[in-house]
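Based on the sequences and whatever the hints tell you, model everything.
Number of protein chains: 2
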Amino acid sequence: MIPAKELKRLKSLKQKKYRYRYSQFLIEGWRLIEEAVTSQANVIQAWYHTDRDYPDQVLLDKLDQKQIPHEEVTKNEINILSDTVHNQGIVALVKFPEQKQLTDNSNQNWIYLDNVSDPGNLGTILRTADWFGIRNIGFSHNCVDPYNPKVVRGGMGAHFHISIHTEVDLNDIKAMGHTILAADQSGTSLSKCNASSITKWCLVLGSETHGISEEITPLIDHFVAIPGTGKAESLNVAVAGGILMFLLK
Amino acid sequence: MIPAKELKRLKSLKQKKYRYRYSQFLIEGWRLIEEAVTSQANVIQAWYHTDRDYPDQVLLDKLDQKQIPHEEVTKNEINILSDTVHNQGIVALVKFPEQKQLTDNSNQNWIYLDNVSDPGNLGTILRTADWFGIRNIGFSHNCVDPYNPKVVRGGMGAHFHISIHTEVDLNDIKAMGHTILAADQSGTSLSKCNASSITKWCLVLGSETHGISEEITPLIDHFVAIPGTGKAESLNVAVAGGILMFLLK
Numbered sequence: 013m014i015p016a017k018e019l020k021r022l023k024s025l026k027q028k029k030y031r032y033r034y035s036q037f038l039i040e041g042w043r044l045i046e047e048a049v050t051s052q053a054n055v056i057q058a059w060y061h062t063d064r065d066y067p068d069q070v071l072l073d074k075l076d077q078k079q080i081p082h083e084e085v086t087k088n089e090i091n092i093l094s095d096t097v098h099n100q101g102i103v104a105l106v107k108f109p110e111q112k113q114l115t116d117n118s119n120q121n122w123i124y125l126d127n128v129s130d131p132g133n134l135g136t137i138l139r140t141a142d143w144f145g146i147r148n149i150g151f152s153h154n155c156v157d158p159y160n161p162k163v164v165r166g167g168m169g170a171h172f173h174i175s176i177h178t179e180v181d182l183n184d185i186k187a188m189g190h191t192i193l194a195a196d197q198s199g200t201s202l203s204k205c206n207a208s209s210i211t212k213w214c215l216v217l218g219s220e221t222h223g224i225s226e227e228i229t230p231l232i233d234h235f236v237a238i239p240g241t242g243k244a245e246s247l248n249v250a251v252a253g254g255i256l257m258f259l260l261k
Numbered sequence: 013m014i015p016a017k018e019l020k021r022l023k024s025l026k027q028k029k030y031r032y033r034y035s036q037f038l039i040e041g042w043r044l045i046e047e048a049v050t051s052q053a054n055v056i057q058a059w060y061h062t063d064r065d066y067p068d069q070v071l072l073d074k075l076d077q078k079q080i081p082h083e084e085v086t087k088n089e090i091n092i093l094s095d096t097v098h099n100q101g102i103v104a105l106v107k108f109p110e111q112k113q114l115t116d117n118s119n120q121n122w123i124y125l126d127n128v129s130d131p132g133n134l135g136t137i138l139r140t141a142d143w144f145g146i147r148n149i150g151f152s153h154n155c156v157d158p159y160n161p162k163v164v165r166g167g168m169g170a171h172f173h174i175s176i177h178t179e180v181d182l183n184d185i186k187a188m189g190h191t192i193l194a195a196d197q198s199g200t201s202l203s204k205c206n207a208s209s210i211t212k213w214c215l216v217l218g219s220e221t222h223g224i225s226e227e228i229t230p231l232i233d234h235f236v237a238i239p240g241t242g243k244a245e246s247l248n249v250a251v252a253g254g255i256l257m258f259l260l261k
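For the record, the sequence lines run as chains A and B.
So the first sequence is numbered by my numbering: it starts at 13 and just counts up by one.
So the second sequence is numbered by my numbering: it starts at 13 and just counts up by one.
Watch out, some of these pointers could steer you wrong.
All copies of an identical chain are treated as equivalent in the list; a pair is satisfied when it fits inside any one copy or across any two copies.
For lysine to aspartate or glutamate, the following EDC-like pairs were computed, each having C-alpha atoms within a straight-line distance of at most 20 Å [unchecked claim]:
id	residue 1	residue 2
1	LYS78	ASP68
2	LYS112	GLU245
3	LYS162	ASP130
4	LYS243	GLU46
5	LYS26	GLU89
Quick caveat, the hints were computed from the structure, so don't treat them as lab data.
Keep in mind it's a predicted model, so treat the numbers as computed, not measured.
Below you can see the structure in the form of structure tokens.
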């Protein structure tokens with residue numbers, strides 16, 4: 013049983029304010045927690061309840077090996093900590109990764125998220141970046157929080173593979189010599205930007221409703237669009253980002 | 013004011029069973045409703061309440077011109093019919109488009125959705141298909157309903173531009189001479205399938221958790237993958253679909 017006071021504190025991590033106060037976040041699901049443990053994320057503790065085919069003994073053994081405390085609790089306690097209605101019966105507490113210096117990865121490509129507000133889109137963008145081996149994601153100050161439970165679920169483990177940089181000023185990425193590309197439907201197609209000659213780039217994805225913010229517009233070297241022939245007004249930001257990451261990699 | 017009995021009937025359209033009983037669905041938001049009216053969708057009636065900057069007089073004038081009944085109602089009535097917490101104060105009733113014969117579009121490319129279960133993904137796939145000018149979408153019998161409110165919102169007007177075919181047997185598309193491609197991470201890259209020589213294709217996107225179902229596997233001509241270099245286990249189905257549609261168009 014989780015002591016009432018600790019249960020309350022853990023539950024508070026559903027809110028951004030408390031996540032940043034404690035530098036901790038919750039993750040859930042057997043697969044995601046196994047990925048966190050395997051990827052050397054700083055998993056502090058896990059709680060689970062046994063139900064149907066679970067628990068997954070492989071994961072419990074791994075938690076043992078890594079000396080990560082884990083405890084069987086009630087279904088109700090898991091439901092309090094979980095963010096989903098049909099949860100898998102396991103939740104873990106993870107410490108925020110240490111935020112690297114931007115310059116530690118100055119030779120690598122970046123994704124920069126400017127005011128992206130939908131957690132589902134953000135999780136999908138992280139998952140896609142992870143697929144294409146992009147190592148760095150920068151977040152503007154007004155983006156949805158990368159440690160939001162829905163973003164973490166959508167990221168499918170990306171949080172444990174990619175360096176996440178919050179509150180990043182795009183000027184600092186530009187100062188490292190990156191060519192700044194931004195997805196914008198009024199831009200030109202990527203083939204016209206001579207993309208293959210760009211040695212290191214930062215792809216900016218903007219707000220679902222407002223696009224790239226005025227504040228950072230002067231920093232953009234090329235606005236890139238994905239040509240369409242149909243009647244739709246625009247592409248979803250996660251899909252547009254996926255196509256551009258595919259083309260750039 | 014909407015008569016209580018009609019309000020109850022309209023509210024029932026949130027459930028698939030009643031949508032198919034009446035062959036009607038609800039849409040919401042000024043922009044989506046304007047797109048429906050402009051695209052010659054069969055809009056039966058609209059209800060709105062005035063709030064903040066709304067109503068949009070241009071849309072109200074269009075409804076007048078097209079002789080579509082529209083009525084100001086209470087905020088509460090709109091809230092009952094809307095599927096979103098922060099709705100825009102306008103809802104419209106639309107008749108299902110007539111389902112075309114498959115053979116009416118036998119020379120055009122298709123997307124076929126096999127057991128796709130997340131309404132957000134499905135809406136995004138429809139929006140992307142619309143962007144790339146794909147005219148036909150076929151749904152397997154076990155897909156989420158294309159007229160589900162979340163799918164309709166995510167489609168951003170795609171429902172009024174694309175022929176939607178429900179309960180489609182993939183055999184019938186194959187019988188029209190289409191090359192059947194299926195997104196699958198164990199497949200080969202599209203460049204190896206000699207894609208440019210394919211004159212008419214049908215791209216199959218499968219379930220988020222189970223991939224392409226066994227039942228239709230024998231029909232697939234090429235399994236196509238999107239090469240990744242990172243640590244992610246897979247791409248989101250809407251992102252994978254977007255990249256493949258981009259490559260095929």
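Now for the hints, and whether the structure bears them out:
For the identical chains of this complex, LYS78 and ASP68 are intra-copy neighbours only, at 16 Å inside a copy versus 60 Å across copies, given an alpha-carbon limit of 20 Å. Taking the shortest Cα distances, LYS112 and GLU245 never come within 20 Å of each other, neither inside one copy (38 Å) nor across copies (25 Å). With identical chains, the CA atoms of LYS162 and ASP130 are at most 20 Å apart both within one copy (9 Å) and between copies (14 Å). With identical chains, the CA atoms of LYS243 and GLU46 are at most 20 Å apart between copies only, with a shortest distance of 14 Å across copies and 43 Å within one.
With identical chains, the CA atoms of LYS26 and GLU89 are at most 20 Å apart within one copy only, with a shortest distance of 14 Å there and 32 Å across copies.
Violated hints amount to a single one, hint 2; each of the other numbered hints is respected by the structure.
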